[in-house]
Amino acid sequence: MRRVYLDNNATTPVLPEVLEAMRPYFAEQFGNASSIHHHGQQARAAVERARGSVAELLGCRAAEVVFTSGGTEADNLALFGLIDVEKGDHVITSTIEHHAVLHSAKRLAELGCDVTYVPVDGQGRVDPEDIRRALRPNTNLISVMMANNETGVLQPVGEIGKLAAEADVYFHTDAVQAAGKVPLEVERIGCDLLSLSGHKMHAPQGIGALFVRKGTLLRPLLYGGSHERSRRAGTENVPGIVGLGKAAELAVAALAGGEMERLGALRDRIQRTVLESIEATGVNGEGAPRVPTTTNLYFEFIEGEAMVIALDLKGVAAATGAACSSGATEPSHVLTAMGLRPERARGSLRLSLGKQNTSEDVDFALSVLPDVVARLRELSPVYKRPEAAAHTKVK
Amino acid sequence: MTESGMIAVAMSGGVDSSAVAALLRAEGRPLVGLTMQLWNQRRLAGQPGMPEAVQGRCCSLDDVYDARRVAETLGIPYYVVNHEERFERDVVRPFVQEYLSGRTPIPCSLCNNHIKFDQLLVTARQIGAESVATGHYARVEFDSGRGRWLLKRALDRSRDQSYFLFGLTQEQLSRTRFPLGEMRKEEVREVARRHGLALAEKPDSQEICFVPGGDYKRFIDAYLAEQGETPAETSGDLVTTGGEVVGEHAGVQNFTVGQRKGLGVATGSPLYVLQIHGDTRQVVVGGDQELYSRTLRARDLNWISIAELREPLRVQAKIRHRHEPAAATVEPAGGAEAVARVTFDQPQRAITPGQAVVFYDDDLVVGGGWIA
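Residue numbers (the working numbering), protein chains in the order written: chain A, 1 to 395; chain B, 396 to 767.
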């Protein structure tokens, strides 16, 4: 069966160049980067080369890049590493963050911190003024993501960075879903901390990084050796780090080479075709600036969960909401925070493109989607006839 | 019928539904495995009277893990589908309400009627399946003579679950498969072993799936506390059939008809719960012989082998899961179409409101309803 993968916000395939770059570091150049001897030196050199590549993607110094096991660890390191629970620090974050930030913030609150969650508007954007208003004398950290994983909506991080600097408050941004899709320049963002995940940008799973601005004092999460300048103990994941470095290089080249324009055109074609050929549909976050690879579509009268299963059985991998521990779909906290009706939040589908996707992939998905939607609606207990639906004002 | 003829197997992670998947796989049918996420076990953890970490059976991660492993072993697509909202609305809430009203509910039948053969069937059809197969011990077949889909007891009567399935409509039955209806449990385990399924020796589950440890009273308290609802006052008097007050009780939900323990009244002869009056909160107690009665009223009837009940019909009627069907006559009662009167030839012990009464003609399920 033909299978097309349109769930690149969940994870991406490792690009062939990335795999090639990693390959020597499993068996031939297997050294521990902390070792004194030749083998260790080879590994160390590879790690530092990769650090340089990541720094280039971020526009920062190599020494400001800390490798982690992934985006979740990077987010945890930022929040738990910076916040002093005993001092009673105040944290500002948003209602649409990834759970790696939201659940860390929740834990900080349980430990005694004050946490303020700023809302988003109907397009899924944080208003920087809300953040300004939430500032308190004891505010120590603002954490707002750069691009949302479900809608792709870009947050006004530059403005937030500016007001954070004015208020002398640390600013962390989870850029896991932005990396490789839009330029990331920490100076323009004005952030002190920024999280990356390898596997969202065609590097392998199990590697990530946290940008930590020079002079920012972080308590480590993991204690042990003095790896990563004592900010993250544990023998370096050399193949993963090399993969992330290569993926960062490729991301820089792709951004310069028009790859995002290509994917943006494919994404726009998906949206246009769906909106034109299937009634009672829409785009969540439409009108807001978004990463070019993501679209979050809603289909009236349909459960997104059933749609994802039906599409998968036809060979199209898509996503909706978030998976809970059993693997069932939970209502999306992001769409709910945008004020969407529960039915609309449940009837939404995320399609996200990656570099491996072609125009033919999109053709295939668009050839499958209308039939799947038609069957789901035909069998939906709440489906109204098209004539009626056409006049239904959808919010 | 869809082009594919695909069947959705409702997989619980137990031996029975896993064997169903294995049997249908061996037939070469296109299959999809579905597990329903119905209840979040962590929800009531830490509520008053509940342990911090609640490990119930329903939707436990272990069961999902087992089901997923089976699907993987058999090489069939598998998904977990979230029906928590409907389950709470159509099963959990009514379960709590019934107890608070002095009745003894059967959540499994509610789940079959509202979730498994309704919501899950809709989902299954939406994703391209034509029918749902489950691990129930019962048989379903089409009778061309009557032009009706029939529900029959399992060949292995000790395993028969047709009692819980009386609410299935003709449409639902036409899209339902019970591949274990002609098998014995040992044969089912053998199927699982033969297909290399790791869970072949997994013990049967008995308790209500969403009530950990089977303590429904604690569950009701914890659920109401979680909902922030002040429980309605349900305490009241224990009275005899003559109206004499012989004691007090802490709530009608703590009783079921026929119950002997926990009355807190010492008398010369054993006392049993005879009736529970939700409105006056009185619990009527009396001797064993007073538990027997010959008649009951059934509401919300569903007919399977017949289109409707027009005149008195001789049946064997079963009034609880562990009850040997007894000879009775069922007849339409009053003007209300969906009410029937059942008169047993011999008095039956502990006819319990909230339970189902299911009418049989030998192996055939004629229909059934809820005991009023």
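Among these hints, one or two may not hold up.
[Unchecked claim] Stretches of chain A that chain B covers, calculated by requiring three or more beta carbons in the stretch to come under 8 angstroms of a beta carbon on chain B:
#1 304–312
#2 353–360
#3 372–379
For the record, the hints were derived by calculation from the structure and aren't laboratory data. The beta carbon of each residue, even a glycine, is placed where N, CA and C say it ideally should be.
Hint by hint, here is what the structure shows:
Under the rule that three or more residues need a Cβ within less than 8 angstroms of chain B, the assignment of the segment 304–312 of chain A holds, with 5 such residues. Taking a C-beta to C-beta cut-off of 8 angstroms, the segment 353–360 of chain A contributes 0 residues in contact with chain B, too few for the three needed, and the coverage statement is violated. Requiring three or more residues with a Cβ within less than 8 angstroms of a Cβ of chain B, the coverage given for the segment 372–379 of chain A holds, as 3 such residues are present.
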